[in-house]
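Engineer: Please arrange chain S with the ligand on chain L, whose structure you already have, making use of the hints.
Those sequence lines, one after another, are chains L and S. Using my numbering, the letters of the first sequence map in sequence onto residues 1 to 184. Using my numbering, the letters of the second sequence map in sequence onto residues 1 to 84.
Source of the hints: derived by calculation from the structure; they are not laboratory data. What you are looking at is a predicted structure, and each value in this text was computed from that prediction instead of being measured. We put the CB at the ideal spot given by N, CA and C, even for glycine. Treat the hints loosely; a few may be bogus.
[What the hints assert, rightly or not] With beta-carbon atoms standing in for the labels, derived distance ranges:
hint: 1; chain 1: S; residue 1: K50; chain 2: L; residue 2: R17; range: 48 to 58 Å
hint: 2; chain 1: L; residue 1: D57; chain 2: S; residue 2: E38; range: 52 to 62 Å
hint: 3; chain 1: L; residue 1: A119; chain 2: S; residue 2: K26; range: 37 to 47 Å
hint: 4; chain 1: S; residue 1: D32; chain 2: L; residue 2: E40; range: 46 to 56 Å
hint: 5; chain 1: S; residue 1: G10; chain 2: L; residue 2: Q16; range: 36 to 46 Å
hint: 6; chain 1: L; residue 1: T59; chain 2: S; residue 2: T35; range: 50 to 60 Å
hint: 7; chain 1: L; residue 1: D98; chain 2: S; residue 2: E37; range: 43 to 53 Å
hint: 8; chain 1: L; residue 1: G120; chain 2: S; residue 2: G10; range: 15 to 25 Å
Okay, here's what each chain looks like letter by letter:
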Amino acid sequence: MQKVSDNMSDSALQLQRVNDAGFINLRGSVDNKDFLAAIERVAGVALPLEANTFHGDVTRAYWLGPDEWLLQCRESDVANLQQALDETLRGQHTAVNDLTGGFVMYGLRGPGAAELLAAGCTLDLHPLVFTPGCCAQSGLAKATVLLARPKSTDGFDVIVRRSFADYLWQWLARTGRDARIEVT
Amino acid sequence: MLLIKCPWCGERAETEFSYGGEAGIKRPLEPDKLTDEEWADYLFNRSNPKGAHHELWNHAGGCRRWFEAERDTVTYRIAVTREL
Ligand SMILES: [Zn+2]
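If we strip away everything but chain L, and leave its shape as in the complex, we get (with noise of 0.2 Å):
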């Protein structure tokens, strides 16, 4: 944790890096009925199939593309998830990659976070619209990132790729200091 004001009272918005998230992008037929049971099994959290959607909490399968997933596990079990990936669906017409160097994650908890994102975002972030276990891919300020609203917490996950991850927390941090939301 940063912290970014110097004048914190009842902090709106808790802005964090998670640290130990792992990414594998998954590619596959939804018609292989082989390959979403595999993924079932070894991954421990079955592919969305509903578009914008994400299934899972610590280990999640986030919705990228009609034939696109993201997996997101712990960073320190990346490695041995491909590994079984690889053996589970040798082939088969899939793809498995490790993309964890490419990514951060960063996590805005607390009242002010939807506010915050619309702030650069043209997605609709109302709780009755964006639920918890919605996810999309979308521009924030000038990066894509992959939002999400976790089903376990209040506020919002923000995967970015990690060249514009600075960026982001700087615009992150200093939106949120213009417009009065405690940063912390």
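Structural biologist: Here is chain S with the ligand on its own, set in the frame of chain L:
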């Protein structure tokens, strides 16, 4: 802000999309047998209508899928979008 309906993601801001030109242009099966005029026609010549236009769009800032749209080049109204 124009809203464009991605067949997968639903309505999203225009800024998430990129235009991919006229849809339905088929690459000739036997390019060797084409005259220069026919090859140039395939490469460069497009219908460029004033009115309904059959187009390719990519949801570049979202799910990154290509899809088809029927767009009116005068009003910019998009009548329908569909999966490829
Ligand atoms: Zn889309």
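Engineer: Now, for every hint given, state plainly whether the structure supports it.
Structural biologist: Each hint tested on the structure:
1. S:K50 with L:R17: 48 to 58 Å: 52 Å, holds
2. L:D57 with S:E38: 52 to 62 Å: 58 Å, holds
3. L:A119 with S:K26: 37 to 47 Å: Hint holds: Cβ distance 45 Å, inside 37 to 47 Å.
4. S:D32 with L:E40: 46 to 56 Å: The hinted range 46 to 56 Å holds for S:D32 and L:E40, with Cβ atoms some 49 Å apart.
5. S:G10 with L:Q16: 36 to 46 Å: 30 Å, violated
6. L:T59 with S:T35: 50 to 60 Å: 58 Å Cβ-Cβ, so the 50 to 60 Å window holds.
7. L:D98 with S:E37: 43 to 53 Å: 50 Å, holds
8. L:G120 with S:G10: 15 to 25 Å: About 20 Å separates the Cβ atoms of L:G120 and S:G10, which means 15 to 25 Å holds.
Of the numbered hints stated above, the single one contradicted by the structure is hint 5.
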